[in-house]
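Trainee: Given chain R's structure and the hints, the job is docking chain L onto it.
Chains as they are written, first to last, in our numbering: chain R, 1 to 142; chain L, 1 to 482.
Keep in mind that the hints were calculated from the coordinates and are not lab data. On a predicted model such as this, the values are computed, not experimentally measured, just so you know. Treat the hints with caution; some may be incorrect.
[Stated by the list, open to error] Keeping only pairs whose Cα atoms sit at most 25 Å apart, straight-line, the calculated DSS-like set for lysine-lysine is:
#1 L:LYS194 / R:LYS76
#2 L:LYS228 / L:LYS475
#3 R:LYS46 / R:LYS76
#4 L:LYS415 / R:LYS2
#5 L:LYS259 / R:LYS110
#6 L:LYS432 / L:LYS126
#7 L:LYS126 / R:LYS128
#8 L:LYS126 / R:LYS76
This is what each chain is made of:
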Amino acid sequence: MKRYTLIDHTADIGIDIFGDTLSDLFSNAGFAMFDIITDITTVEAKDQRIIKVEGIDREQLLVDWLGELLYLYDVKNLLFKDFLITDMNENQLTASLTATIRGEKYCETKHTINTEIKAVTHHALSVKLEHNRWKARVIFDL
Amino acid sequence: MTYKYTIEKIDEYSWRIPREGKMRVDGIVYASETMMKEIQKDESLQQVINVSHLPGIVGHSLGMPDIHWGYGFPIGGVAAFDLDDGVVSPGGVGYDINCGVRLLRTDLQRIEIFHKLDSLVNALFKSIPSGLGSHRKDLRLSYQEEKNVLKNGAQWAVSQGYGTKNDLEHIEENGCIAGADPELVSERALERGKAQLGTLGSGNHFVEVGYVSEVYDTKTAQVLGLKKDGITIIVHTGSRGFGYQVCDDSIRTMIKASKEFNIELPDRQLCCAPIKSQQGQDYLASMACAANYAFANRQMITHWIKESFERALHIKPSESKISVVYDVCHNIAKIEDHIVDGQKKPLCVHRKGATRAFPPYHAQTPDAYKAVGQPVLVPGDMGRCSYVLVGTEKAYTTTFGSTCHGAGRVLSRGKAKQLARSRNISRELREKGILVRADSRATMDEEMPEAYKNVTEVVDVVEHAGISKKIAQLKPLCVIKG
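Next up, chain R with everything else stripped away, as it sits in the complex:
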């Protein structure tokens, strides 16, 4: 089963993400983003960190989760390859997750940056259950 597919958006890049569970969906979203940014097969799991993200709902949580990863990429120059969602909570007011992520610092001679993502947008954003599988759509600003 495909973890994600690219949507043909003229100016930017959009992705449809899939997952059997909501946790898989979020994990695959992280994978998709770094697969777009770099050749993810060149990234080694040398650094491990635990992050916690909160949003007002599932959709916002997805944007915030990817936004958090993008922040670590942009400021700490980290590339990630493994995304394990260890805890996921949802109620009427908030949605939150805890994840263990693994990757390494960008190295000019080892990694190629294929696409620089500026931001994760809220345009056409969706997270839904379709035929017992989770599906989400996210558009990145490039």
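Mentor: Okay, now just chain L, sitting in the frame of chain R:
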């Protein structure tokens, strides 16, 4: 995909989407018949309609001929809002706040540099940082100093020795939007901004050395310091991670604000707040910080361009005479006076992928260009050409003093990469006499000339529609891409 809306032809170069349903005003799009067919293939026109839903919109929801599918607002979208009952929307400015273009002119002739392009492109690539984690080793910024950048924009850069005071008179808003409040921006924005000041960034950002290939209006061109075969330089970059973070933080606030003020949104990315609300005012003050950061960024890069010319060509600054023609914002929201129903009124004009195009003798048209109108800089793709235009009275009265900003993509990045896979874009351009240095092959492929509309067609529409006047055409010689 098919969309439900009516399009009426107004004349050869403009189209109306009549108000219906929850639209508050008509949509007006500037395009030729051929372009209009292309435009209808994606969601751009639906986005023009979505913008017309927003409270307090005045006149029309506008689309420029380089319109394409964005997120929230279309790219190439312009919308003005009443200060009393209108809104301000971070999605109407975008993540790259004050992404913009600066044009430099020189006393150099094409013939003087064309045998030294290799060393020039290398010098530029070396001195202007681009790519992940790159920065100038000689630039260390404290948080306090960063706040000065945010408050003072290009004026800060000049005070640090990057360029001269004279440059400031040739920048939109003199390189500093008033009302910037650094205390409103997040730690995270400051952190991202600190590391990236003075960097080009990637994607469609570039520095391009070119020459004046055509002059359409000799008198005006002379006022702008442009003459045939004269060397020019275009800088295209914005507010980097700082602006992205400010937009991201503001959207979070605005999603809540839209609920608080009961604003019905056709798209979450259009989240907004009344201009006069605390959230609206805070956004404008944070946006001004990012706009100023971008002005400072282009001012610093200009300084390094001058150094690169000196180093690579062994020509003294007194001989090359590199100076700023003008510097315009392409992504911005501004409070400006416009005529509404015969009365002068301050409005909040959002330009998302659009350029201000003020007419001759307008108070904000810089003194040096008072008689000819504000310069408008429209870059094309790296293989064809770019244009210099000036604003007109008609733009002021019909499009809130706005015009197009570039070519606009026609191919998605994926399609461009596919098309470029079996080709060598770098070599193709070299054979045409254009040297390109990019950070990665992916950037080169995505930015291939065919990925963009022909900018000449875009510029012809704004000229025929009377919202700008063509002055000169520029062709590329060498380009650095982030």
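Trainee: If a hint holds in the structure, say so; if it doesn't, say that too.
Mentor: Results for each hint:
At most 25 Å may separate the alpha-carbon atoms for a hinted pair to count; LYS194 (chain L) and LYS76 (chain R) meet this at roughly 13 Å. At roughly 11 Å between alpha-carbon atoms, LYS228 (chain L) and LYS475 (chain L) fall within 25 Å of each other, so this suggested pair holds. For the hint linking LYS46 (chain R) to LYS76 (chain R), the alpha-carbon distance of about 14 Å falls within 25 Å, and the restraint holds. Annotation: proposed proximity of LYS415 (chain L) to LYS2 (chain R) holds, straight-line Cα distance about 20 Å (limit 25 Å).
Restraint check: the Cα-Cα separation between LYS259 (chain L) and LYS110 (chain R) comes to about 46 Å, which exceeds 25 Å; the hinted pair is violated. Restraint check: the Cα-Cα separation between LYS432 (chain L) and LYS126 (chain L) comes to about 24 Å, which is no more than 25 Å; the hinted pair holds. Note on LYS126 (chain L) and LYS128 (chain R): the hinted pairing is violated, with a Cα-Cα distance of about 47 Å set against a maximum of 25 Å. Between the alpha carbons of LYS126 (chain L) and LYS76 (chain R) the distance comes to roughly 23 Å, so the proposed pair stays at or under 25 Å and holds.
Hint check: violations occur at hints 5, 7; the rest are consistent with the structure.
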